[in-house]
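A.B. asks: Sequence:
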Amino acid sequence: MAAQDERLKACSEALVNMKVLKLYAWEVHFKNVIESLRMVEYKWLSAVQLRKAYNGLLFWSSPVLVSAATFGACYFLNIPLHASNVFTFVATLRLVQDPIRSIPDVIGVVIQAKVAFTRIVNFLEAPELQNSNVRQKRNFKKVDHTIIIKSANFSWEGNSPNPTLRNINLEVRPGEKVAICGEVGSGKSTLLAAILGEVPNTQGTIHVYGKIAYVSQNAWIQTGSIQENILFGSVMDGRRYQETLERCSLVKDLELLPYGDLTEIGERGVNLSGGQKQRIQLARALYQDADIYLLDDPFSAVDAHTATSLFNEYIMRALSGKTVLLVTHQVDFLPAFDCVLLMADGEIQRAAPYHELLSSSQEFQDLVHAHKETAGSERLAEVTSSTKQGASLQEIKKTYLGKQQKAPKGSQLIKQEEREIGDTGFKPYLQYLNQNKGYIYFAMASLSHVMFVACQISQNSWMAVNVDNPQVSTLRLIVVYLVIGFSSTLFLLSRSLSVVVLGLQSSKSLFSQLLNSLFRAPMSFYDSTPLGRILSRVSSDLSIVDIDVPFSLVFAVGATTNAYSNLGVLAVVTWQVLFVSIPMIYFAIRLQRYYFSSAKELMRLDGVTKSYVANHLAESVAGAMSIRAFEEEERFFRKNLKLIDENASPFFHSFAAKEWLIQRLETLSATVLSSAALCMVLLPPGTFSPGFIGMALSYGLSLNMSLVYSIQNQCTLANHIISVERLNQYMHIPSEAPLLIEENRPPANWPSLGKVEIVDLQIRYRPDTPLVLRGISCTFEGGQKIGIVGRTGSGKTTLIGALFRLVEPAGGKVLVDGVDITKIGLHDLRSRFGIIPQEPTLFNGTVRYNLDPLSQHTDQEIWEVLGKCQLRESVQEKQEGLDSMVVEDGSNWSMGQRQLFCLGRALLRRSRILVLDEATASIDNATDMILQRTIRAEFADCTVITVAHRIPTVMDCTKVLAISDGKLVEYDEPMKLMKREDSLFGQLVREYWSHSNAAETL
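Per UniProt numbering, residue 1 is the first one in the sequence shown, and the count goes up by one each step.
No wet-lab data here; the hints were simulated from the structure.
One should not assume that every hint holds.
[Stated by the list, open to error] Computed cross-link-like contacts, DSS-like style, restricted to lysine-lysine with a CA-CA straight-line distance of at most 30 angstroms:
#, residue 1, residue 2
1, Lys-658, Lys-427
2, Lys-823, Lys-813
3, Lys-508, Lys-437
4, Lys-43, Lys-658
5, Lys-967, Lys-252
6, Lys-813, Lys-658
7, Lys-19, Lys-755
8, Lys-9, Lys-967
9, Lys-755, Lys-658
10, Lys-755, Lys-252
11, Lys-967, Lys-878
12, Lys-9, Lys-150
13, Lys-31, Lys-9
14, Lys-252, Lys-322
15, Lys-642, Lys-9
16, Lys-322, Lys-211
[To be verified] If you anchor each label on the Cβ, the simulated ranges turn out as follows:
#, residue 1, residue 2, range
17, Trp-44, Thr-779, 26 to 36 angstroms
18, Gln-513, Glu-864, 41 to 51 angstroms
19, Ser-509, Ser-62, 28 to 38 angstroms
Even glycine gets a Cβ: it sits at the ideal position worked out from N, Cα and C.
From just these sequences and the hints, can you work out the full model?
C.D. replies: Here you go:
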């Protein structure tokens, strides 16, 4: 199970971050990593299956061993053998052999249950988060301070000698507004987490009074409608809800969505822009009407005029009278706060009002003035001072937002999970057996079992014919009987080995095809498919295919062969029983088909509902901090129990339906046995020898159980084969374009110039949706620095996605150095571009692995890059250096540090074309300035395409491309655009400058 856990962990990490893997052209590497983990899992799986086969061989051959011991004892003790005692023994043996053969399965289930219970107990006994001492339930209005922290240390690792936060002293009054600023990794987000009770308090005291609302730095969005995300379990209040939308600048966005606030959001908000996700988070917090608002850099993902609007409408008006702690890198708003905390190295360096702090702290002065020195600010100031203020924010919105069109109604993003309906016949069985010529091993296993049954019948026939034959000695009778019995065990051995090979070969092929299909699937598949659906297939469904399907397949054939052989022997002795047995077989088949029609649907529903459980669990774990902050644990717990109940319901009904079937089959079997016994009594004496009558009765007695086992195994197989059916659904996903096109590979030094020509580019995400980019045409000359600006949701990130072919053009084309990017392989395209993505992503592994997963660079090169990214000191502080661990999703590094890691990857790759998609959103201005200088120096002769909300970031660009509603509004040099009265870029610049000046005027 440990090997399976490692493989599942790697699968989950790759699937969650598939967009990043595609952007970096790392799919092949990560697929190889998962395949290597799968090979380790195969070794354990092979051992488990071989042991299972060995146990099966032992217990299936146990009747032969017991017979040898019993008849041997009779011979040596001179106990005479007669039909009466021989077939009494044989009948008893046949009655118990099926339960005995089930012992390996029972042992396996018990072992799995023990391991599972041990893991569950270990999890349940793990230390729980103790935040009840932090958050007090006392009446908020009766206290002088809502937050009191005295000489406190906090550490993510409770027993660490170096606490994450040290000597924290903080008192916040009701209604006070506190800003928290500092460099990347200084502990700002950790301070908010400590106030929430998420970080263990190792020293000192902390008390928080009042209801808390929390907005995380990395937006957490649930699958569901926008309205559900905002209400977050609260009752709808129409007036307050509408006011919340207005305060969060969401009204216009909702008007443009086809279903308004009922529009379904994809998993992790995939169909929303970063700014829209952040504003939905803000709306969720505001609607809760809390006492304390903890806001972790909420303006980093929105453009300048949206940030100004949010600050004025949300922070200053909507949260008037509320306690607010705002983490921000945007110093423009700091004068409006009652107190500013300056943090560095896990400590609060200074805490004072803005002007007092500005006059007394050199570090704070450097922080405030850093944004004025950011690239392009001087040019920005020069233009804005000599130009009219321009249109107001409302006019900007009226001019550019009014032009946007509401998308026509189409299908929602998340589709209902696909499941087969009705009887699919032999299709899933053939799909399984056709893997790596599995039908050959299946045929060998089936033939071996038929031969085993034939040997058993021959063995008992020999005893029946000769037990009372005086010409056959007792020794000869026993020896021949045992020789035939031991011969049958050879066929059992052949069957067991064939089953093991069949299972391993088929599961290996199915997983390989599934993995290839998932890694080659386009991003539209991941946008419309919840992760839980995919994970349920690579976990529970694959586990069933690995372990259960091969044995279920052969056991179903074997049990059916046993049942009909029992019936055949009975019919040979008393042919009259056919008058009863033939109708019985007919009714049994009818009952079985009646059962199958319901059981298959129940198992399919079980698979679908299991995906809901997995998806809800994954979302809850990802948003655990937000859920606890809003004290919604009980609601999520109840929903989880509800989903588990819904998942258990089809499983319970499937089990009940099987018992219903077994009860009726046992009644039919008893009828046949009674009829056979009656016929034997009514036959004239001497018709058959006592030996044959004894043999017939022994087979008749075991008919009941063998028929039940036959149908039961067939039903189990039918339920298990649903997993093959579900895997097959994701094995044939329409794939992206080829990774490599051998006959059309670009030169090794492509792109050598970095010239990008966009010709009438049109993009839509799915065939049934409107165009997102509408006929964009422009040219980026090689070596130019291009800035892309526009309102949140205007299509900036979509344009970047088109450059990397995350979505294929619906019309037009993109040429890079004269090469049509749709004519070359995706790996050739993406591996030649550099990108710092909008969502910084780190993977489970070392620092070295995260910067250079393909191992293409030396340690010296990596250290140089870390120095350029301002990360050298942070890495050197750790004992392991480059081998320091990065946990899953990089949660042990700050958001800003994660973005610096992404910059490091770009510096190592050194592509002729570099794309920055909101690359500096989560870092302070001083670090941003250093990074801009680094990029200008390191990529001086490269084409750099920058999507940014910070206007100074694009001020020194060669040209600026302004997009609104998916259309190119303007494209020219920034200085020329700012001089135009009707320029969208000019309006954005003036709006940004107006709130930047607030730092000096307030």
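A.B. asks: Indicate, hint by hint, whether the structure satisfies it.
C.D. replies: Cross-check of the supplied hints:
With a CA separation close to 23 angstroms, the supplied pair Lys-658 and Lys-427 stays within the 30 angstroms bound. For the hint linking Lys-823 to Lys-813, the alpha-carbon distance of about 10 angstroms falls within 30 angstroms, and the restraint holds. Between Lys-508 and Lys-437 the alpha-carbon distance is near 12 angstroms, which keeps this suggested pair within the 30 angstroms criterion. Under the criterion of a C-alpha separation no larger than 30 angstroms, the hint pairing Lys-43 with Lys-658 is inconsistent with the structure, at around 34 angstroms.
Taken as a hint, the Lys-967 and Lys-252 pair is honoured in the structure, with Cα atoms around 18 angstroms apart against an allowance of 30 angstroms. Proximity of Lys-813 to Lys-658 is assessed by CA-CA distance (about 58 angstroms); at most 30 angstroms being required, the pair is judged violated. For the proposed pair Lys-19 and Lys-755, the alpha carbon gap of about 25 angstroms is at most 30 angstroms, so the pair holds. As the CA atoms of Lys-9 and Lys-967 are separated by approximately 41 angstroms, the hinted pair breaks the 30 angstroms bound.
With a C-alpha separation of about 67 angstroms, the suggested pairing of Lys-755 with Lys-658 is violated against the 30 angstroms cut-off. A C-alpha spacing of about 36 angstroms is found between Lys-755 and Lys-252, which places the hinted pair above 30 angstroms, so the restraint is violated. With a C-alpha separation of about 48 angstroms, the suggested pair Lys-967 and Lys-878 falls outside the 30 angstroms cut-off, and the hint is violated. Between Lys-9 and Lys-150 the alpha-carbon distance is near 40 angstroms, which puts this suggested pair outside the 30 angstroms criterion.
Note on Lys-31 and Lys-9: the hinted pairing holds, with a Cα-Cα distance of about 13 angstroms set against a maximum of 30 angstroms. A distance of roughly 26 angstroms separates the Cα atoms of Lys-252 and Lys-322; the hinted pair therefore holds under the 30 angstroms criterion. For a cut-off of 30 angstroms, the pair hint linking Lys-642 to Lys-9 stands: about 26 angstroms separates their Cα positions. With a CA separation close to 11 angstroms, the supplied pair Lys-322 and Lys-211 stays within the 30 angstroms bound.
The hinted window of 26 to 36 angstroms between Trp-44 and Thr-779 is violated, with their beta carbons roughly 56 angstroms apart. In this structure the supplied range 41 to 51 angstroms holds for Gln-513 paired with Glu-864, their Cβ-Cβ distance being about 42 angstroms. About 34 angstroms separates the C-beta atoms of Ser-509 and Ser-62, a value consistent with the hinted range of 28 to 38 angstroms.
In summary, the numbered hints that this structure violates are 4, 6, 8, 9, 10, 11, 12 and 17.
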